[in-house]
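Asker: Sequence:
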Amino acid sequence: MNIIHTETTLAALYSSEGSVMERHHLAQAMCILNTEGCDILESLPRRDYDRAIMMLRDNILATDLANYFKNLDEYKIVSMDYQKSNRTHFAALQALLMNAADLSDQLKDWGCVKKTAAAVLTEFFKQGELEKMRGDSPTSAMDSDKCFIPELEIQFLQTICLPLYELIGKIIPKAAVCTKIIENHMERWEASKPVFSEVPLTAGLSVLLSPELDTLIEINLKEAGKGDLMETETIPDANTTTT
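Here our numbering is used: the sequence shown runs in plain steps of one and ends on residue 275.
Heads up, some of the hints might be wrong.
[Stated by the list, open to error] Computed list of lysine-lysine pairs in DSS-like fashion (alpha-carbon distance at most 25 Å, straight line): (1) K254 x K158; (2) K116 x K206; (3) K147 x K202; (4) K108 x K212; (5) K147 x K116.
Worth flagging that the hints you see were computed from the coordinates, not collected in a lab.
Let's have the full structure, built from the sequences with the hints guiding it.
Answerer: Right, dumping it as structure tokens:
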């Protein structure tokens, strides 16, 4: 959305249909495929080639969370009675998996989750400062004067990641482990709130990057009776057979 507001070249080229970044990614992919020696689909029969391009388009556009929320009711219906022979159901699962892959950094260990959060928030706050310089009012997520990091991260996990992986878990039972990982991270963010509350909001990034943060989180978890919270969960190998 910010790309559209700032009137960038990308917005001028792709904003008429929405999904600015995603349509840019699609255009770049098509440009590569049209480059001599780079069309990995060229050996396909014409009908299959056209289908592959359509799937490429649909799957790239599916990574726009605006499209995810627009189709969420449909995804919920599909997840309750998934039929693998149903093309509409299959397309819905593909879209869900694209979003899951896009957000898969949240399935990594806690250390990686913190690093990702720090990188994203650093970018957000820089953007927020630019908006302030233009006389605009950034959203609280992009305003270091207003952003309470643990609450923002919990909201992100609770409203976007957890429901997404729950839907996938209904269709692919082995993927249900993903929800436990998300819940564990939410517990840690919740346990971090007292630590972040002790400093001004503007110091939030410094707290996030502090080596002492994990120790304080563990102390808070133990006091809350959650000291046995697993730091990581293991996602089953797709090639592993369970009995």
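Asker: Does each hint hold? Answer for all of them.
Answerer: Hint check:
1. The hinted pair formed by K254 and K158 fails the criterion: a straight-line CA distance of about 36 Å is larger than 25 Å.
2. For a cut-off of 25 Å, the pair hint linking K116 to K206 stands: about 16 Å separates their Cα positions.
3. Note on K147 and K202: the hinted pairing is violated, with a Cα-Cα distance of about 30 Å set against a maximum of 25 Å.
4. Only pairs whose Cα atoms come within 25 Å are accepted, and K108 paired with K212 is accepted, the gap being roughly 20 Å.
5. Pair hint K147 plus K116 does not hold up; C-alpha atoms about 37 Å apart against a cutoff of 25 Å.
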